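S.K.: One letter stands for each residue in the lines below.
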Amino acid sequence: MKVDNSNYYSSLNKIHKSLVTLLGPEWVLHTPEELLVYECDGLTLHTHPPDFVVFPNSTSDVIKIVTLAQKYKIPFLARGAGTSLSGGTIAAAGGIILEFSRMNKIIAVDQDNRLANVQPGVVNLHVTQATENINLHYAPDPSSQVASTIGGNVAENAGGPHTLKYGVTTNHVVALQVVLPNGEDYQIGTTAGDQVGYDLVGTFVGSEGTLGIATEVTVRLIYSPQAVKTLLVIYDSVVDATKTVSGIISRGIIPAALEMIDKNTIQAIEAGVYATGIPLDAEAVLLIEVDGLEAGIEQQLDEILSVVKDYQAREVRIAKTSSERKKLWAARKNAFGAYGRISPNYYTMDGVIPRSKLPEILNRIDGLGKQYGLRMANVFHAGDGNLHPIILYDINQIDAKKKVLGLAGDILRCCVEAGGTLSGEHGIGLEKKDFMPLFFSEEAIEVMRKLKTVFNPNNLANPKKIFPMRRGCGEMSIDPENNRSKTTAYEKDPEFVQF
Amino acid sequence: MQDSFQSKTKLSIPSSLPNSQLSKFKVHGLQPRIAASPKTSEEMSEIIRVAQKSNWGVAPFGSGTKQEIGNSPKRFDLALSTRFFNQIPEYEPQDLVVRVGSRCCLRQLQNHLMADRLWLPIDPPHSERSTLGGIVATNSSGPCRFGNGTIRDYLLGIGIFQSDGSWTQFGSRVVKNVTGYDMCKLYTGSLGTLGIFSDFYFKLKPLPAYEKSMVMLFKNLQNIYDAMILLARSSLQPSALEFLNSEGLETVCQKMDLSQKFNRYALIVRFSDLDKSVNWQVRELQQKWLPYVDEGIELSNSKQHLLLWEMLREDGPYLSKNLNNNVKLKINIIPTQLVHWVNLLEENLAGINSSVVLKAHAGNGIIQMYCHLENSVPTIQTLANLINEWRAKLRSSRGSVIIESGPKNLKKIVDTWGYCYKDLKIMSQIKNQLDPQEILNPGRFVV
Numbered sequence: 012m013k014v015d016n017s018n019y020y021s022s023l024n025k026i027h028k029s030l031v032t033l034l035g036p037e038w039v040l041h042t043p044e045e046l047l048v049y050e051c052d053g054l055t056l057h058t059h060p061p062d063f064v065v066f067p068n069s070t071s072d073v074i075k076i077v078t079l080a081q082k083y084k085i086p087f088l089a090r091g092a093g094t095s096l097s098g099g100t101i102a103a104a105g106g107i108i109l110e111f112s113r114m115n116k117i118i119a120v121d122q123d124n125r126l127a128n129v130q131p132g133v134v135n136l137h138v139t140q141a142t143e144n145i146n147l148h149y150a151p152d153p154s155s156q157v158a159s160t161i162g163g164n165v166a167e168n169a170g171g172p173h174t175l176k177y178g179v180t181t182n183h184v185v186a187l188q189v190v191l192p193n194g195e196d197y198q199i200g201t202t203a204g205d206q207v208g209y210d211l212v213g214t215f216v217g218s219e220g221t222l223g224i225a226t227e228v229t230v231r232l233i234y235s236p237q238a239v240k241t242l243l244v245i246y247d248s249v250v251d252a253t254k255t256v257s258g259i260i261s262r263g264i265i266p267a268a269l270e271m272i273d274k275n276t277i278q279a280i281e282a283g284v285y286a287t288g289i290p291l292d293a294e295a296v297l298l299i300e301v302d303g304l305e306a307g308i309e310q311q312l313d314e315i316l317s318v319v320k321d322y323q324a325r326e327v328r329i330a331k332t333s334s335e336r337k338k339l340w341a342a343r344k345n346a347f348g349a350y351g352r353i354s355p356n357y358y359t360m361d362g363v364i365p366r367s368k369l370p371e372i373l374n375r376i377d378g379l380g381k382q383y384g385l386r387m388a389n390v391f392h393a394g395d396g397n398l399h400p401i402i403l404y405d406i407n408q409i410d411a412k413k414k415v416l417g418l419a420g421d422i423l424r425c426c427v428e429a430g431g432t433l434s435g436e437h438g439i440g441l442e443k444k445d446f447m448p449l450f451f452s453e454e455a456i457e458v459m460r461k462l463k464t465v466f467n468p469n470n471l472a473n474p475k476k477i478f479p480m481r482r483g484c485g486e487m488s489i490d491p492e493n494n495r496s497k498t499t500a501y502e503k504d505p506e507f508v509q510f
Numbered sequence: 011m012q013d014s015f016q017s018k019t020k021l022s023i024p025s026s027l028p029n030s031q032l033s034k035f036k037v038h039g040l041q042p043r044i045a046a047s048p049k050t051s052e053e054m055s056e057i058i059r060v061a062q063k064s065n066w067g068v069a070p071f072g073s074g075t076k077q078e079i080g081n082s083p084k085r086f087d088l089a090l091s092t093r094f095f096n097q098i099p100e101y102e103p104q105d106l107v108v109r110v111g112s113r114c115c116l117r118q119l120q121n122h123l124m125a126d127r128l129w130l131p132i133d134p135p136h137s138e139r140s141t142l143g144g145i146v147a148t149n150s151s152g153p154c155r156f157g158n159g160t161i162r163d164y165l166l167g168i169g170i171f172q173s174d175g176s177w178t179q180f181g182s183r184v185v186k187n188v189t190g191y192d193m194c195k196l197y198t199g200s201l202g203t204l205g206i207f208s209d210f211y212f213k214l215k216p217l218p219a220y221e222k223s224m225v226m227l228f229k230n231l232q233n234i235y236d237a238m239i240l241l242a243r244s245s246l247q248p249s250a251l252e253f254l255n256s257e258g259l260e261t262v263c264q265k266m267d268l269s270q271k272f273n274r275y276a277l278i279v280r281f282s283d284l285d286k287s288v289n290w291q292v293r294e295l296q297q298k299w300l301p302y303v304d305e306g307i308e309l310s311n312s313k314q315h316l317l318l319w320e321m322l323r324e325d326g327p328y329l330s331k332n333l334n335n336n337v338k339l340k341i342n343i344i345p346t347q348l349v350h351w352v353n354l355l356e357e358n359l360a361g362i363n364s365s366v367v368l369k370a371h372a373g374n375g376i377i378q379m380y381c382h383l384e385n386s387v388p389t390i391q392t393l394a395n396l397i398n399e400w401r402a403k404l405r406s407s408r409g410s411v412i413i414e415s416g417p418k419n420l421k422k423i424v425d426t427w428g429y430c431y432k433d434l435k436i437m438s439q440i441k442n443q444l445d446p447q448e449i450l451n452p453g454r455f456v457v
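The listed protein sequences derive, respectively, from chains A and G. If you read the first sequence in the working numbering, its first letter stands for residue 12, the second for the next number, and so on. If you read the second sequence in the working numbering, its first letter stands for residue 11, the second for the next number, and so on.
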C-alpha cells in the first residue's frame, strides 16, 4: 500500500521549528546520524529511531514540549541514561525523546527529615555520594546505578541487590512533581505525614513513562549502616546454594543482599578484569551481605555461617576490608559486562518466582536452554526470587533471534506457572507486553487501560509499552522492527491515534 | 421493607440478610436498605452487578471498625459483608508470604503466624477486631510504622471485585514485582471507593528477637525538639518513636499504674532487634539524651511493655464513652515541625474547655488529637474555624487535617478531608473511570 507522506513531513518540519524556538538549536537533535544512538536502550533486540531528541532544562521546558507534542499528536517519552532492559526508552512509534541529562541537580537535602529532592536526570549513585558525608544514602541500587538516573528508576520502579532488606524504588519515593501527557504539572504525594486520597505516587512509580513525566523526585534517605559483613560462599551444587537461601530466610535473618552467581557466570567473571579467583569448577556462588549496628553484626554472621555449613559449602570467604568488599561486589555488578568474554551476544531476562521454588525452577530453565540448544547463565537476586537468566547466543547464526525469543517466552511461562511474575525489576516495556495475558486476566488489563486513560488519553506518552496489542476495535499489532520507515510513525498507528 | 425493596427493583440478591440484621450495618447512623453476605466470589460478583444496574450506593463491610471514617454516604442502599472471605488459604513460612481473605482479622492472622515466629509488621488500632480489608482500605497504621513502614509496604497482591462485578487480581505471591501498574498502591487507602477486596498476599517479617522501650519525660518542648534532631542524626534505629503531651501521658500512666508527675511531655522510643543491638541502642540513647531528659523509664519484654504499646496504638483510652462528643483529628505535618505544631495546637485549643490529648507518630509527622467537645454551637464553630486555619497553614507543605471522628454538627460545617490540592482532579478522574456510576461508598472519600 502506498502511503502519502507529505503531511507527515510537513508536520515534522513545523515541530522541528517549534522545538528549536523553545530550546535553541543545540538542544534539538534530528538528523539520522544524531538519532542513531537513541535507536535502542539496554534492550538491543528491538530498535526504532525517534524523530527528535530534545534536552529540557526545567519543568517549564517539559511542559512546553509535551504541550507541543499534544498539539501535533506526536508521541513523546522521557529518557535518562537509556539503561532500560525492557525497551522502556525506545521510541517504538517515533516521536520526541526528552533526554534529561541537563536536569541533573540535587535540589535540596534535608538531613533531619532524611529526604532529598532531586531532578530526574540525577544519577542514582550521585544521591548516595552527595549524602554520605552526613551518613545517609539512597537505598535502591540497581546494577546500573553508576549510570541510571532517578527519573528512570522511578519509571521502572528499579530494584537492586540491597532491596531484599530495604525495598525497591516505590518504598523510597515520597513525592513527585509530574508533567502529565496533557501538559499540566502536578505535585503528588507529600513529605508531611500521610497522603490524603489515592496514592498517586505509588501508582505513578513503575508506570514506565506511560502516565507522564516526573520532573522532580523527593526520595527518602536512610542511615548508612555502621557495620557491613560480606561473604562469598562457593558451592559444588546449585541445589545446595539455593537451599542455603531459603535456610537463611527461614531462620528469620533478612540479609541486606543475597545474590547468586552460576557456573557460566563465574567463568565469564574470571575471564575478565573483575576476576576474584573463584575456582572455575565451582557450580555456584552466593554473595551474602548483612549490615546494621556494630553490636549484633557478629551475631547475624554466626547464624548465617551455621546455615552455610548445613548445606555443604566448599569454601567461605569473608571480606576483611572495604576494598575486599568492593571487589566482591564489582564481580557481581559487572557480571553482565563480563558475558562479552564468553559469548558474542547475550540477552538478560528478568522474572520472579517464589524463593522456595528456586531449585526446581532453575533446573527447569536449564532444561529449556538445552532444548533450544542455547547456553544459559544465571546471576540473580536469590533472596527475592528475582531471576536473571542470561541467554548466550550469536546473532549471526541462523534463526538465533527466533530461538532466543522462543526460549525467553518459555522461561517466562515457567515463572508464571510457578506462582511468579513476568518482571521483578526490569519492567514490561516493549519486551514483554505480549506476555501480559499470561499473568493478567483480560478484565485486569482493561482496568489498567482505564487507569492509563485518565493520565494518557491520547496514548502519546510512551506508546506501545506495557499493554499487549488489542485484537479488535480497529486496533492492530504493528511490530516496530518491521516499521522502520517514516510511513509507520504516529499517524499510521491506530493504537494511539484517537483524535 | 427489604423484601419490598427487592421486589420493587425486580432483582434478587443472593445471601441477603434478614431485616432484623440491618441495624448492624449502620454507616454514620444510616441504615442500609438491604444487607448481603455472599458466600462465594460468584455471589459477590452477581450482587455487585445488580447494584450497578440499580445504581445502588454500596458500602463494603468487614468488622465495621472503620465505618466512622469519612463523610456520610451520599447513597446507602446495600451493605456488603465480606464475612465469608475470612480464610488463610495459602501460607508459605519459607517464603515469608501469606494469602489472606479480606475479612480475616489481623489478630487471627498474627496468631496464625506466631507459631513460626513471623508477623505482618503493622500495629493499627482496633487490633482485636479490625480486618485486613479495613486496614488496607484505610491504610491504617500504628507506632511501629516508624521502623517497619505501613501496610502499603507489605501488600504484594490483591484480589478485588470491580464496580461492574468482575473479579481481578493484581500482584502475586512474590516479593518483588513490576509487572504492569502497581495497582496495590492505588487500592491501598482508597476507602472502598474503587472496588471490594476479596483477598491479599502479604510479605511477612520475622518477629523481633528482643525488645526494649524507653519512656523519656521532658520538661519542655524545646528539649524534645533537640532530642529528636539528635536522634535523626544518629545511627540508632528505633522501631517506634511516639510523642505524648501531658494529658496523653497522664492517661497512659494512670492505666499503667505509673505514678509520675504528669505536667511533662514524653517521647517513647522502642527498639526491636537482636539483644546485643537493642541493649547498645538503649545505652546510647540514654547517653545522647541525658542533657535533655528529665526522667527516663525503661521497659523490656513484660506485660507492662505490651500494655504501654497497646495504649499508644489504640484510640479507646483517649475517647469518652459519650460517642457524640468525641473528636479525633489526624494532622499530617513535616516530622521536624512537631514541636511547632504541638505549641500551636495547645495554644489554639486552650479556650475550648476540654482536655486535649496530643499523641503523635513523631518520626512520621502524624499527630493524633483527641478531645471531648461540649455539644454547643459556639464550641463546634470554634473548632471548625481552627481546623480551617490549620489547613490553610499546612497548605504550603501539602499537609492536611482529617476529622477521623467527630460530632455530626462538626462534620456538617467542615469537610472531613479538606483536601483541596490540584491533584484532586486526577483522583476524581480515576474514580470516574473505575466506578463510573459511583456506586462504591459514594461521597465518603475525597472524591
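Hints are computed from structural coordinates only; laboratory data are not their basis. Everything numeric in this text was worked out from a predicted model, so none of it was measured. Be careful, since some hints might not be right.
[As the list claims (entries may be wrong)] Result set (DSS-like, lysine-lysine): computed pairs, CA atoms no more than 25 Å apart in a straight line: (1) Lys313(G) - Lys286(G); (2) Lys286(G) - Lys240(A); (3) Lys63(G) - Lys320(A); (4) Lys435(G) - Lys84(A); (5) Lys215(G) - Lys82(A); (6) Lys422(G) - Lys435(G); (7) Lys461(A) - Lys63(G); (8) Lys432(G) - Lys176(A); (9) Lys432(G) - Lys461(A); (10) Lys176(A) - Lys84(A); (11) Lys381(A) - Lys337(A); (12) Lys213(G) - Lys176(A).
S.K.: Among all the numbered hints in the text so far, which are the ones the structure does not match?
M.R.: As far as the earlier hints go, 3, 5, 8, 10, 11 are violated by this structure, in ascending order.
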